[in-house]
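S.K.: Chain by chain, the residues run as shown.
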Amino acid sequence: AQSVTQLGSHVSVSEGALVLLRCNYSSSVPPYLFWYVQYPNQGLQLLLKYTSAATLVKGINGFEAEFKKSETSFHLTKPSAHMSDAAEYFCAVVNNNDMRFGAGTRLTVKP
Amino acid sequence: KAGVTQTPRYLIKTRGQQVTLSCSPISGHRSVSWYQQTPGQGLQFLFEYFSETQRNKGNFPGRFSGRQFSNSRSEMNVSTLELGDSALYLCASSTGQGANYGYTFGSGTRLTVV
Chain U
6 AQSVTQLGSH
16 VSVSEGALVL
26 LRCNYSSSVP
36 PYLFWYVQYP
46 NQGLQLLLKY
56 TSAATLVKGI
66 NGFEAEFKKS
76 ETSFHLTKPS
86 AHMSDAAEYF
96 CAVVNNNDMR
106 FGAGTRLTVK
116 P
Chain V
2 KAGVTQTPRY
12 LIKTRGQQVT
22 LSCSPISGHR
32 SVSWYQQTPG
42 QGLQFLFEYF
52 SETQRNKGNF
62 PGRFSGRQFS
72 NSRSEMNVST
82 LELGDSALYL
92 CASSTGQGAN
102 YGYTFGSGTR
112 LTVV
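From first to last, the protein sequence lines stand for chains U and V. With our numbering applied, the first sequence corresponds to residues 6 to 116, in that order. With our numbering applied, the second sequence corresponds to residues 2 to 115, in that order.
Looking at chain U on its own, in the form it has when it is part of the complex (with noise of 0.2 Å):
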């Protein structure tokens, strides 16, 4: 069965610092892989999502992933935070229709 590891349930970054979020995956089958945000109290909105077309995916808000096979990972990154990325972030990857989240990771955004 598939799953994901966020690794890291907190980070902080200062405004205009780069923001990398860390996610590595197990999957028996090339997988589907997708980034969503949470702000409070809110449900979770798409951020960007890889389907084998290219391991370079950018999304919405200035987000992108690179999707590495050799290291299982998808990590997503922004080149430089605002105060509006605050949130909580999840990883999540999809086999046969069935979608696994991580953990998450809660975004904080200094000034």
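Rather than coming from a laboratory, the hints here were simulated on the basis of the structure. You may find that some hints are simply not true.
[Stated by the list, open to error] Label-pair ranges, simulated between beta-carbon atoms:
(1) V:SER87 <-> U:GLN47: 15 to 21 Å
(2) V:SER80 <-> U:GLU20: 46 to 52 Å
(3) V:SER23 <-> U:THR77: 36 to 42 Å
(4) U:THR56 <-> V:ARG56: 17 to 23 Å
(5) U:PRO84 <-> V:PRO40: 29 to 35 Å
(6) U:LYS63 <-> V:GLU53: 35 to 41 Å
(7) V:SER87 <-> U:THR60: 39 to 45 Å
(8) V:LEU84 <-> U:PRO45: 22 to 28 Å
(9) V:GLN19 <-> U:ASN46: 39 to 45 Å
(10) U:GLU20 <-> V:GLY85: 35 to 41 Å
[Claimed, not checked] Here are some of the chain U residues that sit facing chain V, going by a computed Cβ distance under 8 Å:
(11) LEU25
(12) TYR37
(13) PHE39
(14) GLN47
(15) GLY48
(16) LEU51
(17) ALA59
(18) PHE72
(19) ALA91
(20) PHE95
(21) VAL99
(22) ASN102
(23) ASP103
(24) MET104
Using N, Cα and C, we set each Cβ at its ideal position, and we do this for glycine too.
Could you slot chain V onto chain U? The hints should help.
M.R.: Relative to the frame of chain U, chain V by itself:
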């Protein structure tokens, strides 16, 4: 295009009662999935419906059930509520391809069991 609509947004119930939550998917989406989100367990998959049939089921007790109507709207029901059922319940919809192409989530129903 309207998003995924969940009602009610907030709910307070007493232990032992039952509750029904509703989800209206995006127009044209035929797959509806439900997730439970708690601080301790994170996001856990409950079940998925497609064309009124349960296609996938998570590891939850039989007190948790759901159904989907011909217009793709879905309901989930929890009977004999326990304190541990307090959670944010999220509904998500997708096209017929299901989770492979990603879900659109609703804002959730926050259930508090007292």
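S.K.: So, for every hint listed, does it hold in this structure?
M.R.: A quick look at each hint next to the structure:
1. V:SER87 <-> U:GLN47: 15 to 21 Å: Between V:SER87 and U:GLN47, where Cβ atoms are some 18 Å apart, the hint holds.
2. V:SER80 <-> U:GLU20: 46 to 52 Å: holds, 48 Å
3. V:SER23 <-> U:THR77: 36 to 42 Å: holds, 38 Å
4. U:THR56 <-> V:ARG56: 17 to 23 Å: holds, 20 Å
5. U:PRO84 <-> V:PRO40: 29 to 35 Å: holds, 31 Å
6. U:LYS63 <-> V:GLU53: 35 to 41 Å: holds, 37 Å
7. V:SER87 <-> U:THR60: 39 to 45 Å: For U:THR60 against V:SER87, whose Cβ atoms are near 41 Å apart, the range 39 to 45 Å holds.
8. V:LEU84 <-> U:PRO45: 22 to 28 Å: holds, 23 Å
9. V:GLN19 <-> U:ASN46: 39 to 45 Å: For V:GLN19 and U:ASN46 the Cβ distance comes to about 25 Å; the hint is violated.
10. U:GLU20 <-> V:GLY85: 35 to 41 Å: holds, 39 Å
11. LEU25: Constraint on U:LEU25 not satisfied, violated at 21 Å.
12. TYR37: holds, 5 Å
13. PHE39: With Cβ-Cβ at 6 Å, under 8 Å, it holds.
14. GLN47: holds, 5 Å
15. GLY48: holds, 4 Å
16. LEU51: At about 5 Å, which falls below the 8 Å cut-off, the nearest Cβ of chain V leaves the hint on U:LEU51 intact, so it holds.
17. ALA59: Result: violated, 16 Å to nearest chain V Cβ.
18. PHE72: violated, 15 Å
19. ALA91: violated, 18 Å
20. PHE95: Since chain V brings a Cβ to about 7 Å from U:PHE95, closer than 8 Å, the hint holds.
21. VAL99: With Cβ-Cβ at 5 Å, under 8 Å, it holds.
22. ASN102: holds, 4 Å
23. ASP103: This interface hint holds because 6 Å falls under the 8 Å limit.
24. MET104: It holds, given that the least Cβ distance between U:MET104 and chain V is near 4 Å, below 8 Å.
Figure legend: structure checked against the earlier numbered hints; hints not met, in rising order: 9, 11, 17, 18 and 19.
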